[in-house]
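S.K.: Sequence:
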Amino acid sequence: MTTTELTAATLTQLQQEINRLQRENDDLHIALTTIAEHGDMIESLLNETNVKLRSEILERQRAEAKLQNILSLISREKEDLEIIVETIMQHGDVVDAQWRQKLGETAELLNLDSLTQVSNRRHFDLHLAQQWERAMDSQEAIALILCDIDHFKQFNDFYGHLSGDDCLRRIAKTLSATLRNPFDLFARYGGEEFGVILPQVTSEAAQQIAKRMQASLTMLEIPHHHSPTSEFVTMSFGIGRLYPQPGQLPLDLIAQADENLYKAKRQGRNCIFGH
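Position 91 (the sequence shown) corresponds to 91 in full-length UniProt numbering; numbering is contiguous.
If you are wondering where the hints come from, they were derived from the structure by calculation, not from laboratory data.
It cannot be assumed that every hint is accurate.
Unchecked claim - Derived lysine to aspartate or glutamate pairs resembling EDC-like cross-links, with alpha carbons at most 20 angstroms apart:
no.: 1; residue 1: Lys52; residue 2: Glu82
no.: 2; residue 1: Lys211; residue 2: Asp258
no.: 3; residue 1: Lys263; residue 2: Asp252
no.: 4; residue 1: Lys211; residue 2: Glu221
no.: 5; residue 1: Lys153; residue 2: Asp137
no.: 6; residue 1: Lys153; residue 2: Glu221
no.: 7; residue 1: Lys153; residue 2: Asp166
no.: 8; residue 1: Lys153; residue 2: Glu231
no.: 9; residue 1: Lys173; residue 2: Glu221
no.: 10; residue 1: Lys52; residue 2: Glu64
no.: 11; residue 1: Lys211; residue 2: Asp252
no.: 12; residue 1: Lys66; residue 2: Glu56
no.: 13; residue 1: Lys52; residue 2: Glu79
no.: 14; residue 1: Lys173; residue 2: Asp184
no.: 15; residue 1: Lys173; residue 2: Glu193
no.: 16; residue 1: Lys263; residue 2: Asp184
no.: 17; residue 1: Lys153; residue 2: Glu193
no.: 18; residue 1: Lys263; residue 2: Glu193
The model shown is predicted, which means the values in this text are computed figures rather than measured ones.
When you get a sec, could you build the whole thing from the sequences and use the hints?
M.R.: In structure tokens:
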């Protein structure tokens, strides 16, 4: 091979090497350009990921703090509960007595008419049902007095409802005080009407109790200038009395007393009707 041929071959190899290096340089340039173009996005993604990680760490720390507070609260409540249980165990008799007293007071309030402070209609119905069953078992009579204030609407219209309320209170207190048997019950039946349950009484005894109530009311001398019956407040009384039989109900006794009450009103009021 001549010198000229050798030189040409060497140049060809050098050119090929230059071309290869040029291609690698171009590829590297392209790669660097791509990295430069996407660098901001990559950095943004990295920053966003970093922020999320910090946020998750803070949330976890907060959750752990809340959990710790809850555990502390449960622990304190557990200690308080243990103290309460220990106190109850040590003073159980006192606590039981206090609860029984509270329950008794609540039951008493449920049975009282808020205005007159005598038994209410609820207690009347319960007591009548109990005494009715008792009378049926013992085959004894039970009596009922229904009494109603005469011309009470005119009283309220003239004297006012506050005076009407005071009148009801005075009558309830006075008439209820005339009862002596522990099983007797005086109750506000509704409005200006009262009911008196009298177990195990004769007709004569029921009459005497009604007369005693009427006399007690007369002694109060509550003025009623708009009553066509009397210058003072009066009441009409209807007495019912039955020996409870199978198939009968307390309503039968109430109906009898109510019918006699209206008969007393038709006879001029301020009187007693029934047996």
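S.K.: None of the hints should be skipped; say for each whether it holds.
M.R.: Hints versus structure:
1. Distance check on the hinted pair: Lys52 and Glu82 sit about 44 angstroms apart at the alpha-carbon level, beyond 20 angstroms; violated.
2. Of the pairs offered as hints, the one joining Lys211 and Asp258 holds, with about 17 angstroms between alpha carbons and a cut-off of 20 angstroms not exceeded.
3. Distance restraint check for Lys263 and Asp252: the Cα-Cα separation of roughly 17 angstroms lies within the 20 angstroms cut-off, and the hinted pair is therefore satisfied.
4. Straight-line distance between C-alpha atoms of Lys211 and Glu221 comes to about 16 angstroms, which keeps the hinted pair within the 20 angstroms bound.
5. Distance restraint check for Lys153 and Asp137: the Cα-Cα separation of roughly 42 angstroms exceeds the 20 angstroms cut-off, and the hinted pair is therefore not satisfied.
6. Distance check on the hinted pair: Lys153 and Glu221 sit about 18 angstroms apart at the alpha-carbon level, within 20 angstroms; holds.
7. A hinted pair counts as satisfied when its Cα atoms are at most 20 angstroms apart, and Lys153 with Asp166 qualifies at roughly 14 angstroms.
8. Among the hinted pairs, Lys153 with Glu231 is consistent with the structure: their alpha-carbon atoms are about 15 angstroms apart, no more than 20 angstroms.
9. Distance check on the hinted pair: Lys173 and Glu221 sit about 14 angstroms apart at the alpha-carbon level, within 20 angstroms; holds.
10. A C-alpha spacing of about 18 angstroms is found between Lys52 and Glu64, which places the hinted pair at or below 20 angstroms, so the restraint holds.
11. Among the hinted pairs, Lys211 with Asp252 is inconsistent with the structure: their alpha-carbon atoms are about 23 angstroms apart, more than 20 angstroms.
12. Our distance criterion of 20 angstroms between C-alpha atoms is met by Lys66 and Glu56, whose separation comes to about 15 angstroms.
13. For a cut-off of 20 angstroms, the pair hint linking Lys52 to Glu79 is broken: about 40 angstroms separates their Cα positions.
14. For the hint linking Lys173 to Asp184, the alpha-carbon distance of about 15 angstroms falls within 20 angstroms, and the restraint holds.
15. In summary, the hint linking Lys173 to Glu193 is supported, as the alpha carbons are separated by about 14 angstroms, within the 20 angstroms threshold.
16. For the proposed pair Lys263 and Asp184, the alpha carbon gap of about 24 angstroms is over 20 angstroms, so the pair is violated.
17. Between Lys153 and Glu193, the direct Cα distance comes to roughly 12 angstroms. Compliance with the 20 angstroms bound is thereby established for this hinted pair.
18. Proximity of Lys263 to Glu193 is assessed by CA-CA distance (about 15 angstroms); at most 20 angstroms being required, the pair is judged to hold.
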